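Engineer: Using the sequences plus the hints, can you model the full thing?
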Amino acid sequence: MLLKIRTLFVLLILCCSTISAQNEADTLKTQELKLVEVRADRISTVRTSAPLQTLDAEMIARTGALQVSDAARMFAGVQVKDYGGVGGLKTVSLRSLGAAHTGIAVDGIPVSDYQSGQIDLGRFSLGNIGRITLNIGESDDIFQTARAQSLAGSLNIASRRFSTEEAGKSLLQASLLAGSFGLLQPSLTVGKAFSRDFSSSLSADYMQSKGDYPFIQTIGYDDSQTQERKRQNSAVKKLNLEGNASGRFHGGGTLDFKAGGLISDRQLPGPAIYYNDYSEARSKDRNFFAQTAYNQPIDNKTDFKANAKFDYVSSDYFNIRSYRFFQREWYGDAVFLRRFNRHFSASCANDLIFGNMNGNTLAVSPARTSFLSAFSAKYESGIAAVTAKLLYTYAGDEPLSTSFNKFSPYLGFWIKPLKTSNLRLRAFYKNTYRLPTLYDLYFSTVGKRNLKPENARQFNLGLTFSEQFGGLFLSLTADAYRNRVADKIIAWPTSDMNIWTMVNVGKTEITGLDMKAETRFHTGENLHWQALGTYTFQRVIDRTNPESASYGKQLPYTPVHAATVWLGLETRWFEVNYTLIYSGRRYSEASNRPQSRMKPFAEHGINVSRTFSLKDCKLAITAECVNFTDAQYEVVKSYPMQGRTFRGKIAVKF
Amino acid sequence: MKKNLIIFKFLPVIGILFFSSCEKDDIIDEQPKVTPTSGVLILNQGSQGVNNSGITYYDYASGTVLDEDIMDGRLGDTAQDMLVYGGKIYVSVTKSSVIWVLSLSNFDELGKIYVNDGAVPREPNFLAAYENKVYATTIDGHVIRIDTASLAIDAITAVGADPLGIAAAEGKLYVGNTNGLNFPNFDNTLSVIDIATFSEVLPRIEVGLNPNRIKYDGNENLYITYLGNYADVAGGIQKIDLKTRTVVNISNVPANQDFTILNDTLYYYGVTYNDKGLANNVFGRYDLKNGRQIAGNLISEVPQFTTVYAFGIDDYSRDIYVADTDYSNPSTIYIFDRNGKKKSEFTAGINAYKFVFI
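Taken in order, these protein sequences are the chains called Z and V.
Letter by letter, the first sequence follows residues 1 to 654 of the numbering used here.
Letter by letter, the second sequence follows residues 1001 to 1358 of the numbering used here.
Read the hints as simulated data drawn from the structure, not as lab findings.
Since the structure is predicted, the reported quantities are computational estimates derived from the model, not experimental observations.
Cβ atoms here follow ideal geometry from the backbone N, Cα and C, with glycine treated the same way.
Please note that a few of the clues may not be correct.
Claimed, not checked - Below, simulated DSS-like cross-link-like pairs (lysine-lysine); rule was C-alpha separation at most 30 Å, straight line: (1) Z/553 - Z/452; (2) V/1276 - Z/507; (3) V/1215 - V/1289; (4) Z/488 - V/1276; (5) Z/553 - V/1342; (6) Z/618 - Z/169; (7) V/1215 - V/1172; (8) V/1342 - Z/452; (9) Z/230 - V/1112; (10) Z/599 - V/1112; (11) Z/488 - Z/406.
To be verified - What the simulated footprint calls covered on chain V by chain Z, stretch by stretch (three residues with Cβ under 8 Å from a Cβ of chain Z suffice, anywhere in the stretch; the number is not a length): (12) 1045 to 1051; (13) 1065 to 1073; (14) 1090 to 1099; (15) 1118 to 1132; (16) 1268 to 1282; (17) 1296 to 1310; (18) 1322 to 1330.
Unchecked claim - A short list of chain V residues far from chain Z (calculated; beta carbon distances all over 12 Å): (19) 1084; (20) 1228; (21) 1251; (22) 1285; (23) 1338.
Structural biologist: Structure below.
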């Protein structure tokens, strides 16, 4: 295997010989990089070949996010499909590639869904969050699982953990949040770093909401007739539990263990249908998972890492009758990383996944075995970096004995052309496949099931800049991209109006631009300002069938223009934050008929907090108002979003 | 060199950015109030959950769509059936659980009947009319009766599970019980309701699995289609002699999608499959008097349809109307003359489901 890595490496060296000729001395040591990874204190978002965005726990709190989906909305190039309310389905799609192309990972290990292929972000909690990181394309980190490379990008939710400096410390964090429409969220985290080598924590996060918020619905195509209504059957009760333990061995190895679960009971209001408020749909979801990560440096040039995970999901969806689904997944992976010198490193990751599903309405219980193998190589100096990866995916399904074999390449680089400026140029290409889900293959279709994987190609070209000008920090990124999704798996009508089938027909062409600006500065000693702004431009064009009315039209629910703004001010006495989410006009229908136009919306939020310190104890009181202009809008047609909402939070930390 | 190429790829982005700022707002055409003369009303089911059902009015004289939606988007969610009776238009909208009553002479709203059981919607399906009453099957296992003078529900009676099709004939209502919400355990019976007492008369008539459309020929025969279970039991069409209650399969007529009876002719539309499993749209005529297929194709050159979602015959001109849908874009309506030659085509709403000729 090492021999293979070497061959790959020689090839890469040849490719980059021109760049390596300009080597500079100020290179970043890989050792340092590793530290950044593990400690995750501040991640560089400009020294990457593919866009990387991150929000740490403090920032997440300051943007007023209640759930992971609220935080995800702050990223550029991201669309959160939100069905409204606390309990409404929330999925995330990167650069309009579709939610099924976007990986969601917990501490680096992706989560999967065999039914829809997309993950409801509502399943996770912010209770013990460390940070949320969004990778579009690929991370420059090559010491990662093969599976993390198998999708077009991924959102990683990382738990808070103790650093080695915190040895002997204990942590107690308790908070209580209450808000409009019956929202109540008590949260508790206790932890202890017993020594430099062993720490553990436990956290529980409970949330309940009545969700009976009012909304104004326009009846008909003109605005002349509106109706004041209230969301019905919208209550949620949800408990997330999580335990973490981390140990360090004398040889430098580390072992992290995490186990947790979710108990969630939701009423589902469904679409706001004209003249009919009634819904009795509900969903009971249960999740249990246990995962472990073992890291071991073998010598000063070689690192080894192994992950294992078991994940169990059950859902009981009731609407007139009960539909129960069960899903289990076993996962294991091993990664080797070798540093050849301070510039070159290469890795090899192999993953094995076994999963199955069954349900009370399903005639068969299909299972899938997947094997993923990734070879990666990286060259990095102070002025340039190149990352190349090749992923091989095999998946085989029973009982149909279908199988998939795919190669997914990635190539990304950044260069810093000027010695005196922190301006960097970056570019990447990535080709990934989204396999049909077990549900696509076995249950949603009549007749033949010869589905191919969906094919997504991404090209990205960007500029990044970051600089400290005296008291002012400024970071700017701009990325233009061209993506193509082909062989989209779509439920398609047949000649018989009573029978649908699943086919690979969709084609989408995406042209976009993501921009992000971040700044920090002071005015006087006691006024610390921070600002973050993103802008997303996207033309997402249907290229499926030239005969169709939707051909050449913007994909439904996809705004051409979207933006977010966050402004924060810290003073000695209090902290104020303002958040804006803006989305331009979009359409709910594929043919973009004027009747289906959805108006632009802007959601403004503000929060004020004050922290009191008493010896080792910190008490923080926050008051916030989300959507303070009471904007009435929908992200998904007929699923009204919550209007003006007040929340108060009290948190203590020892 | 390679870098240049990539930059070239991104030039369109800059271009689009520049032009998007000058993008003009597309405005929904304000349509003047339409007075119907002679034409066809097309009921558009819309897509479920987005409240986009509607009624398109196509005018014969001008050969154009005079009103894209006579309800201006207020009809509701998932319209299912429409009938004209006594100078009024009745429209059942299943998911909104209402039945609209409109004036045939100027399309004005005469009434909106909420079809609820307390707070729980009954969800009306198909409609039938008989002696100054309009009847609707409801998904919760009932038939409701609407008085055409007061435009209110004046009686309700229970039938089998999830009834769909309904036809009135000789003092009786015939209702197809599907048990469709409990698939794949479909029902295969018709409930018979005595109109005078407005209650079901047992026993039920056993028909094909999953009964769908029911129509009366005016000669004491009912014709019904059934869908089967979409797996091992196929669908078909049957004739029921109302005097003897005998059910006969009409096996040589592939009318598994929809049909219309005019005088003694049954016009049908069905889907057949060849040995390779490829679908074929079949449009034909069946002589009810002699029980024979009428030779020749109803449509001489069948266009490449995605899914035919509505089929109708104008009883005056005998023109043939076919709606083609792909479930996400506005439907295309094709008009063929009585000899099967294509006359014209136009666009209606999403999922055009029923033609009513006025």
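Engineer: So, for every hint listed, does it hold in this structure?
Structural biologist: Against the structure, the hints come out as follows:
1. Z/553 - Z/452: holds (25 Å)
2. V/1276 - Z/507: OK: residue 1276 of chain V and residue 507 of chain Z at ~27 Å, within 30 Å.
3. V/1215 - V/1289: With a Cα-Cα distance of about 16 Å, the restraint between residue 1215 of chain V and residue 1289 of chain V holds, given a limit of 30 Å.
4. Z/488 - V/1276: holds (25 Å)
5. Z/553 - V/1342: Given that 30 Å is the threshold and the Cα spacing comes to 29 Å, the pair holds.
6. Z/618 - Z/169: holds (15 Å)
7. V/1215 - V/1172: It holds: about 13 Å lies between the C-alpha atoms, which stays within 30 Å.
8. V/1342 - Z/452: Roughly 38 Å separates the two Cα atoms, so the pair is violated.
9. Z/230 - V/1112: holds (21 Å)
10. Z/599 - V/1112: Since the Cα atoms of residue 599 of chain Z and residue 1112 of chain V sit roughly 29 Å apart, the hinted pair holds (cutoff 30 Å).
11. Z/488 - Z/406: Given pair residue 488 of chain Z, residue 406 of chain Z holds - Cα atoms ~16 Å apart, limit 30 Å.
12. 1045 to 1051: holds (count 4)
13. 1065 to 1073: holds (count 4)
14. 1090 to 1099: holds (count 5)
15. 1118 to 1132: holds (count 3)
16. 1268 to 1282: holds (count 5)
17. 1296 to 1310: holds (count 5)
18. 1322 to 1330: Per the Cβ count (6), the hint holds.
19. 1084: Holds, because the least Cβ-Cβ distance between residue 1084 of chain V and chain Z comes to about 22 Å, which exceeds 12 Å.
20. 1228: Violated, since 9 Å does not exceed 12 Å.
21. 1251: holds (18 Å)
22. 1285: holds (20 Å)
23. 1338: holds (24 Å)
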